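Got chain A; can you put chain B on it based on the hints?
For the protein sequence lines, the chains are A and B, in the order given. The opening residue of the first sequence carries number 1 in the working numbering; numbering runs sequentially from there. The opening residue of the second sequence carries number 1 in the working numbering; numbering runs sequentially from there.
Since the hints were made in silico from the structure, they are not lab data. Here the structure is a predicted model, which means the values were calculated and not measured. By construction, the Cβ of each residue, glycine as well, lies at the ideal position given by its N, Cα and C atoms. Treat the hints with care, since some could be wrong.
What the hints assert, rightly or not - Under the rule of at most 25 Å between Cα atoms (straight-line distance), these lysine-lysine pairs were calculated in the DSS-like manner:
1) B:Lys162 - B:Lys193
2) B:Lys154 - B:Lys193
3) B:Lys42 - B:Lys162
4) A:Lys243 - B:Lys297
5) A:Lys326 - A:Lys131
6) B:Lys162 - B:Lys54
7) A:Lys243 - A:Lys215
8) B:Lys210 - B:Lys28
9) B:Lys161 - B:Lys54
10) A:Lys291 - B:Lys375
11) A:Lys131 - A:Lys81
12) B:Lys368 - A:Lys291
13) A:Lys243 - B:Lys412
14) A:Lys324 - A:Lys131
15) A:Lys215 - B:Lys412
Said to hold, decoys possible - In silico contact screen, one side only, chain B against chain A (beta carbon under 10 Å); selected entries:
16) Glu66
17) Ser351
18) Ser358
19) Ile376
20) Ser387
21) Gly398
22) Asn399
23) Ser400
24) Thr401
25) Ala408
26) Val410
27) Ser411
What follows is the residue order along each chain.
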Amino acid sequence: MTYLDMEIPSRSSHLWRYTPWKRIHPSKVDIVPSCETIIINHEGDCELKESIRTVNESNDISRVFLHECNDQMSTVEIDGKGQLVHVNLIASGESVVGHIDFQCKGEATIIIHLSGSATWTGLHITGNLEKNSSIGYAFVNELDSNSKLLRCEDWNIHRDSRLEYGELSIGGFRNKTDIRTTLSDSNSSLNQTVAVYGVDSRHDDHHMEISHMVKHTDSSLIMNAACGGRSHSIGTGQLFIAKDANNSNAGQVFHNLLLSQDARADAIPELEVLSDDVSAAHGAASAPIDKEQLHYLLSRGLSPEQAEALIVEGFLVNTFSSLKNKIISDDLKTRLKIHLECGIMR
Amino acid sequence: MSEQAHEAVGDYRYGFHDPEQATIRFDKGLSEQVVRDISELKNEPEWMTEVRVKAYHHFIERPMPEWGNCNMLDDINFENVTYFLRSSNKTEKDWDDVPDDIKNTFERLGIPEAEQKWLGGVTAQYESEAVYHSIREDLEQQGVLFFDMDTGLKEHPEIVKKYFCSVVPYTDNKFAALNTAVWSGGSFIYVPKNVHVEMPVQAYFRINAKNMGQFERTLIIADEGSSIHYVEGCTAPTYSTDSLHSAVVELIAMDNAKIRYSTVQNWSANVYNLVTKRGIAHANSVIEWVDGNIGSKLTMKYPSVILKGEGAHAEVISVAYAGEGQHQDAGAKVHHLAPRTTSNILSKSISKNGGRSSYRGMLQVTPKAEGCRSKIVCDALMLDDSSRSDTYPTMEVGNSTADLEHEASVSKISGDQLFYLMSRGFSEEEAMGMIVNGFFEPFTRELPMEYAVELNKLLELEMEGSIG
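The following block holds chain A by itself, in its conformation from the complex:
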C-alpha cells in the first residue's frame, strides 16, 4: 500500500493522540514531498554501503511515508571486535530524510549524533543483532530549536544478544519518535534508557514498543523527562509478551520532573501480557523539584538557575546509570552536561 492510499490516523489511536500526523508531516498530509538525503559522516572501523530500498515491508504510516520521501538506504556492517563507530548525521536544507541500517555481529559501540537546522527531518534507523552480539548504541538529538523530527527505529535482537540503548533528546522543536524492538530469540535482551530535556515550547513524543516473542527474554525501559518552560513530553511504552514467551522479564519505568507551571508531561506505560509465567511490571511517577534539594544548593551559594540545572543533571544522568556500556553512558552524560552548562550561560 502506498502512503496516499493509507488512511490518516485518527487521534483515537493512542500512537497519534498527542502528536497528530498532520502536526509532524512536513507540509500538507496529502503530499509526499521530495526530500534531500541527510548527510552521513562516519568514523570507525566499518563499511558504509549505499543502496536503493525497493520494498517496504511495514504498513505503519510513518515508515511508509519515510520510504516514499526518499528510498536511499545506507547500510553499516559491523563485524565487531569491540570497535567504536561514530555516525554524524547533518540535517540541512528544507526537508531531509535518511535511512540507516545496522547489521551487527560481535561486540561494538555505535554513537549517532544528529544535528543541523533542516525545517523537517525524517529518519529511519533499522538494526539487526545477529546471535551472540553485544551492541552499545547511543543516539543524541541536538537539532536546532526550530526543527521538526520524525524518527522511526526498528531493532531485531537474536539469540544470546544484547542491546544497550541510550538516548538523549535535547534538540528540535517538535519530535515524534517511534522505536520498536523485537526480542525474537531466546536469551536476547534489551536495556533501553531515554532522557528528555524540554525547554521553551519543545514538544517531544516518544513511543517505544518492546515485543517479547519467545521465552527467556529480558527487557528494561527507563525514561526520564525533565520539562521546563511550556514544554511537553510524552512517553508511551508498549510492552508485549507473546503467548508461550514464558520466563520473560520485563519492566518499564517513567519518571517526569516538572520544572515550571506551564510544563506538561504525560506517561503511558502499557502492558499486554499473553503468557502467565513472566515477570512484568511498570511504574510511573511525576513530581516537581524537591524544595529541600533546591534549598540545600541555594544555601551553598549556587544561583537558582545553577541549582536547577544541577538537579536536572542529576535526574537525567541517573537515566543512564543502568547502562553497562561505559562508553555510551559517559558520552551521553558529557553531552548532557555541556548542554546544560551552555543553557546557563545563555
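This is chain B only, laid out in the frame that chain A set:
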C-alpha cells in the same frame, strides 16, 4: 435447583430464567419512533423527549469506538435488541404485591431477606422498569428522596432537569448516547443537606428476556455535608444469544458530601456490559467507586471522578475476573481540576481459561490543580498460559506541583504460597481459591458483609475446576 436446571445453567448460579410475561414489549430494533414511543408511554415532559431524540441522532452518527475489543464490539447487532419491555404495570411498595413470577426470581436472589436485614431502601428492576421499591420510613422523614428514575422524573422534574446529562452528556460516547435515547428505570436519589444515610440503599438489576437491552439511568445527588452508600447488583440468565446492558450513572457530591457507589456485576457470559459511570466532586467532598466485575461477555467500564472543588478526594477500587470467552476492560479515570485534590486507584484483575482482563486508566492534572496527589496501583494475576492481561494507563500532568505515582505488575500464583498452604493440608484447588480471595481482599473488605461473602462464594464457584 433441580439437576436438569443445573445442567442448563452450568456454574452460573443466576442463569435460570422465568417464562417471560411482558405486559408491553416493543419490537426489536431502534428508530426515532421507538425513542418517542418510550417517552410517550412514560408520559414524560417534552424536554426529556427532545433530549432523547437528540441523543438518538448522536448515537446513529457516532462511529463505534476504535479502541478496546473492537472485534467483540462489532458483533453487537443493535437491530436485534428489544429496547423496552414492561413486566409489571406499576412499581409496588409492598413485596407481597409484586407479581409472583418476578417475586420468585428476586426471592431466589435473596433480595427481600437482604432488605429486612441491612438495607436502608431497595429498588428491584426487572427488564426495563422497577417492579418493587421501598425506603425506610426514617429516611423518608429526613427528606431523603429515593425513587426509581421514572418516578423521580414524574415527582421531581426540576431536580432531574437540573442534573440529568450534567455529568455524562449524551455526546460523551456512543453508548451514553444510546442510553440517553432509550433509558428506562434506574435509581434517583437526593440526600438533603447534612443527612447521613447510615445503611446502604440497594438497587438490583435483572435481565430476564432474550436479546434484551437494559438501559437504566441512575442519578445520585448528595447535598452539602451529607453521605450515602449505594449498592448495585446485576444478574441475567444464560441464553445462547446476546443481551446488552448499557447504563449511565451520574453522581454529584456537593461540598463536604460523600458518596460511595458499590457494584458487583455478575451478568451471565452472554451480556455486553458497556457502562458510563462518572461523578463530580465539589469542594472537600469524597466520591468512592467500589467496582467488582465478575460476569458478562465484554465489560467496558471506567468509573470516573471529576475533582472540581478544592480538597475533593476520589477513591476507586476495582476488581475484575475474566474467565473463558470474557474480556473485562475495566479501569478508572480521575480528572484533577482543582487545587489540593487527591485520588487513589487500586485495580486488581485475574485472568483464567483464556480470559482477558485489561486495566485502562486516565489520570489528568490540569494546570490549575496545584498540589494534587494521586496513587495508582494495578496488580494482575494470570492463572494459566492461555489467558491475557493488559494495562493501558495514561497520566497527563499539566501542573508542576503534582505528585503522582503509578505502579503495576503481572504475575502468576506463587509456587511458595501454594506449597505452604498445601503443606497445611489444603488441596491445590482450595489453596488456589484462598490465594485468589486474598488477592481480592482489599476490594471485599470495602463491601458490606453480605456482599463480601457473596463475592467470595462467586469466586469459589468460578475457581472450581481450575486445576487439571
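Can you list which hints this structure breaks, lowest number first?
Hint check: nothing fails, all pass.
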